[in-house]
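Which chain is which? The protein sequence lines are A and B, in order. Note that my numbering has the first sequence beginning at 1, numbered continuously upward. Note that my numbering has the second sequence beginning at 1001, numbered continuously upward.
To be clear, the hints were calculated from the coordinates, so they are not data collected in a lab. Check each hint, because a few of them may be wrong.
[Stated by the list, open to error] Just a few of them, taken from the derived set where beta-carbon distance is under 7 Å, the chain B residues facing chain A:
#	residue
1	V1006
2	R1013
3	N1014
4	T1303
5	C1307
6	G1308
7	S1310
8	R1396
9	I1399
10	A1400
[Said to hold, decoys possible] Beyond 10 Å from chain B on every Cβ pair, some chain A residues (computed):
#	residue
11	L100
12	A177
13	T178
14	D203
[To be verified] Derived DEER-like restraints, expressed as beta-carbon distance ranges:
#	chain 1	residue 1	chain 2	residue 2	range
15	A	G19	B	S1377	47 to 55 Å
16	A	Q176	B	L1389	40 to 48 Å
17	B	F1016	A	R212	44 to 52 Å
18	A	K114	B	V1349	18 to 26 Å
19	A	E119	B	H1405	54 to 62 Å
20	B	H1405	A	H202	19 to 27 Å
Note that CB positions come from ideal geometry on N, CA and C, so glycine has one too.
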Amino acid sequence: MTLYEVRGVSYRYNHERHGVQALSGVDLDVRKGELLAISGPSGSGKTTMLNILGLLEQPREGTVRFDGAEVSQLSERERTLLRRERIGFIFQTFNLIPVLTAYENVEYFLMKRKVPGAEARQRVLQALEAVGIIAQADQRPNSMSGGQRQRVAIARALVRDADVMLADEPTAALDQATGLAVMDLMKRLNRERGVTFVFSTHDPRILAAADRVIQLTDGRVSG
Amino acid sequence: MKRAVVLVRLSLRNVFRNTRRSVYALTAVAMGAMGLFVFMGFNRGLMNQYRANTIRARWGHGQVYVQGYRGKAHARPWEMWIGRPEHVMARLRALPGVVDLFPRLGLSAMLVSGEQSVVGQGEGVDGIAEAGFFDQLNYVEGGDFKDRPDGIVLGQGVAQGLGVHVGDDVQVVTRDRKAAVRSAKVVVTGVFQTGSQEFDSRAFRVPIVIAQRLLPTDRVESIAIALSGVDGWPDFARAVKAALPDLEAVPFDELDRVYYRHAVDWLDAQFSFIRGIILLVVFLGIFNVITMTVMERTAEIGTLRACGDSRREIALGHVLEAAALGLLGGAIGLIAGWALTAGPLQGGVAMPPAPGITRSFRIFVELDVRDALQVLSLCTVTAAAGCLLPVWRATRIPIAEALRHA
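Given the sequences, and given the hints that come with them, work out the whole structure.
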């Protein structure tokens, strides 16, 4: 079953004096339940590709189908709703809300789903348990390590039962051991829960954990 | 509901996310709120003193006349004076809020003392009744004539013009309706100063009995009204219209339109302008802080939007945060304003004589719950308004670009 069908996608950043072609005619399929890595050097278009998959950017050319539906030209509101309901994000710099505890950071994004209180609490605790951070539930991000913060970020995406989790360099801000532990966590969630992961990295040790690796070079799929 | 609670909680916690900046913002709002609160209290004190002075020096809370008499010239004005005044006063006394009534009869007369004479505009008043209520007449010499049925009190300018003092004789000379000259010899019991130079240079008061004898008439021109409170005037006026339709009830601010009403309007306009400046300072303080705050949180806004928060929800969160800042800063400012009033300003503020006024005032700052609520509302709304533009701008940044600010 295919989750994403990307065909002929191009994207160009328009700066004041010159433009930068970030993606050129990219074709890509992402299967449900897959742990897919997008690899490539800096400036190869990894982040742009993830932004397009996450409906944060709209391709200048080409089409993106998500679970069978064309999504590349949706309105702002439609894209917001789709992201809210079906797409989870994990960021390199964690991007947690500093004034909320780990529990509240995870809970915050569940609130929009109008999940009843008891069930929401159960799901938040389960998500924190699943990423091994339940003991830090009442801590705020600034009192947690980088690995713990990233686990909270994963729990934040996990709690919503998103169809896919898009992770842009999720281990880049972590030391090697912590990065591998986070990767192991993603892999375990992929195996045990069937969560689809698409992540970008240029770390070969992290790439080894992926089911499949897409290589991007100068905005084109090169392998 | 739960979502709203989380949003409010997040906004409140964000208020103290950057302590130093929040302290700066709170200080800006608190200073503005304090200034506004004390300023409004000062304004209220000034207005109340001015109003009390106007009511208790001359007009009462208002006066009643025969319908159509006031404001027009009449060939035979005495025909439009209030007849059977005792009967009318008995009916007026039964109306809501009435505490006391003071019949009056105006007369123009020449006041003569020795070789000096001054043309004055006087009133015949019930000296005994008026002595209790009209306590703002501000006698600079002597006092009222409640104990002297042949007494007269003079405006300071009149007394100076005649060169008389308390105890001196003055001849009141006037013409009756048949142009016959009539006069009465009276004794100066007091010299007053209302603060209005123009009034003080021509005004005098004699017992109404003397005025009626001079004109001569058994009628009164008007009846001044003392109510239990100034707020009771509308009810009283309605009651007069219903019970005594031949009479017209005119409030003091209408009677003293030129001085009181215009002065109040003028001061109100000035206060509104100053209030606007204070609010602008609050607005700019909040705008500056929120702009910096929002710039710092650009990546967070990108994250929230990436995870499904709409622009409106994000803007609402920031508006709540700014409103909380405004509310808290406003509350601190109110406390500071109260402390300032209860402390250094407890003895009032010495003011020089106002334009057209010959005596100085001491204004007491009168804080009021309504002012406090207004200050809180203004601070909250101003702070919320101050965040709108920076938040609007921030939520317009493309998400991917916002995330790059991390």
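Okay, the hints, checked on the actual structure:
no., hint, result
1, V1006, "holds, 5 Å"
2, R1013, "holds, 4 Å"
3, N1014, "holds, 6 Å"
4, T1303, "holds, 4 Å"
5, C1307, "holds, 5 Å"
6, G1308, "holds, 2 Å"
7, S1310, "holds, 5 Å"
8, R1396, "violated, 11 Å"
9, I1399, "holds, 4 Å"
10, A1400, "holds, 5 Å"
11, L100, "violated, 6 Å"
12, A177, "holds, 23 Å"
13, T178, "holds, 18 Å"
14, D203, "holds, 19 Å"
15, A:G19 - B:S1377: 47 to 55 Å, "holds, 50 Å"
16, A:Q176 - B:L1389: 40 to 48 Å, "holds, 45 Å"
17, B:F1016 - A:R212: 44 to 52 Å, "holds, 47 Å"
18, A:K114 - B:V1349: 18 to 26 Å, "violated, 57 Å"
19, A:E119 - B:H1405: 54 to 62 Å, "violated, 35 Å"
20, B:H1405 - A:H202: 19 to 27 Å, "holds, 22 Å"
Of the hints listed earlier, those the structure fails to meet are numbers 8, 11, 18 and 19, in rising order.
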